[in-house]
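Engineer: In case you want the letters, here they are:
2 protein chains.
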Amino acid sequence: MSIPFPPPGSKIELEEGSTLSPRFGADGLVTCITMDAATGEILMVAHMNAEALAKTLETSEAWYWSRSRGELWHKGATSGQVQTVLELRVDCDQDAVLLKVRVAGNGGCCHTGRRSCFYRKVELSNGEPRLIID
Amino acid sequence: MSIPFPPPGSKIELEEGSTLSPRFGADGLVTCITMDAATGEILMVAHMNAEALAKTLETSEAWYWSRSRGELWHKGATSGQVQTVLELRVDCDQDAVLLKVRVAGNGGCCHTGRRSCFYRKVELSNGEPRLIID
Numbered sequence: 001m002s003i004p005f006p007p008p009g010s011k012i013e014l015e016e017g018s019t020l021s022p023r024f025g026a027d028g029l030v031t032c033i034t035m036d037a038a039t040g041e042i043l044m045v046a047h048m049n050a051e052a053l054a055k056t057l058e059t060s061e062a063w064y065w066s067r068s069r070g071e072l073w074h075k076g077a078t079s080g081q082v083q084t085v086l087e088l089r090v091d092c093d094q095d096a097v098l099l100k101v102r103v104a105g106n107g108g109c110c111h112t113g114r115r116s117c118f119y120r121k122v123e124l125s126n127g128e129p130r131l132i133i134d
Numbered sequence: 001m002s003i004p005f006p007p008p009g010s011k012i013e014l015e016e017g018s019t020l021s022p023r024f025g026a027d028g029l030v031t032c033i034t035m036d037a038a039t040g041e042i043l044m045v046a047h048m049n050a051e052a053l054a055k056t057l058e059t060s061e062a063w064y065w066s067r068s069r070g071e072l073w074h075k076g077a078t079s080g081q082v083q084t085v086l087e088l089r090v091d092c093d094q095d096a097v098l099l100k101v102r103v104a105g106n107g108g109c110c111h112t113g114r115r116s117c118f119y120r121k122v123e124l125s126n127g128e129p130r131l132i133i134d
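Sequences listed follow chains A and B, in order. full-length UniProt numbering puts the first residue of the first sequence at 1, with every later residue one more than the last. full-length UniProt numbering puts the first residue of the second sequence at 1, with every later residue one more than the last.
Careful, some of the hints might be misleading.
Each pair may be met inside one copy or between any two copies, as identical chains are not told apart.
Straight line, CA to CA, 30 Å or less: simulated DSS-like cross-link-like pairs of lysine-lysine [to be verified]:
(1) Lys-121 with Lys-11
(2) Lys-121 with Lys-100
(3) Lys-100 with Lys-11
It is worth saying that the hints were derived from the structure and are not from the lab.
Chain A on its own, in the form it takes in the complex:
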């Protein structure tokens, strides 16, 4: 990893400073939200370890840590659905990252073949939640 991330400093540095010092959790990960830069649609939620975040910054393509496979994941490497990162943002306490991306290939993102992973809304029917694909 060629981009080092210093450990988080004081609360004021973390929240107002110009140093990227991600607060990786006990599992070594931060949460990442990925948004379509053109439409604003939320495409997916995934996780990044330090190496994935560094590679994302270095290459301007989205890299994640696959918790299910336990490996670094260059999104789109096999599917062609590479995500070019147009903007990368961090939240106040630096434990979450927001990527605004342009998706290559067929524009999909979800492993079910859909464009976004958030293809279902929750509605209450007689007080019971039900999922509706829309």
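With chain A's structure known, arrange chain B on it following the hints.
Structural biologist: Okay, now just chain B, sitting in the frame of chain A:
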């Protein structure tokens, strides 16, 4: 909690079914992304346990689990920045939730006083990441 969440079923039920069966992690939480329903701006990332999710569904106001305080958190209860939930979505494997909300009070969300927690973008300067407030 009056809304029970059944344990996750098969992969096909989880991904294509109409049953809300959240996959709470080992810490009992799912990730929640909160978006301004009117502007599409990402306001915050937080977490929900089963009780917070049930209360959110029952009241149409956002409830989270505060990991720092270790308690249920009715967002806006003290600040007036209550989040009315207009839409609640779930992702393919049901371990993340997306809320589209309308914020009451002064419309803020972040504890720093800003509207969104994602008030900084990351830019590379001579290969080093720097945070820019914009």
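Engineer: State for each hint whether it applies.
Structural biologist: For each hint, the structure was consulted:
1. Within a single copy, Lys-121 and Lys-11 get their C-alpha atoms only as close as 36 Å, which misses the 30 Å cut-off; across copies the closest is 18 Å, which meets it.
2. Proximity of Lys-121 to Lys-100 under the C-alpha cut-off of 30 Å is found in both arrangements, the shortest distances being 22 Å within a copy and 11 Å between copies.
3. Within a single copy, Lys-100 and Lys-11 get their C-alpha atoms as close as 26 Å, and across copies as close as 29 Å, so both meet the 30 Å cut-off.
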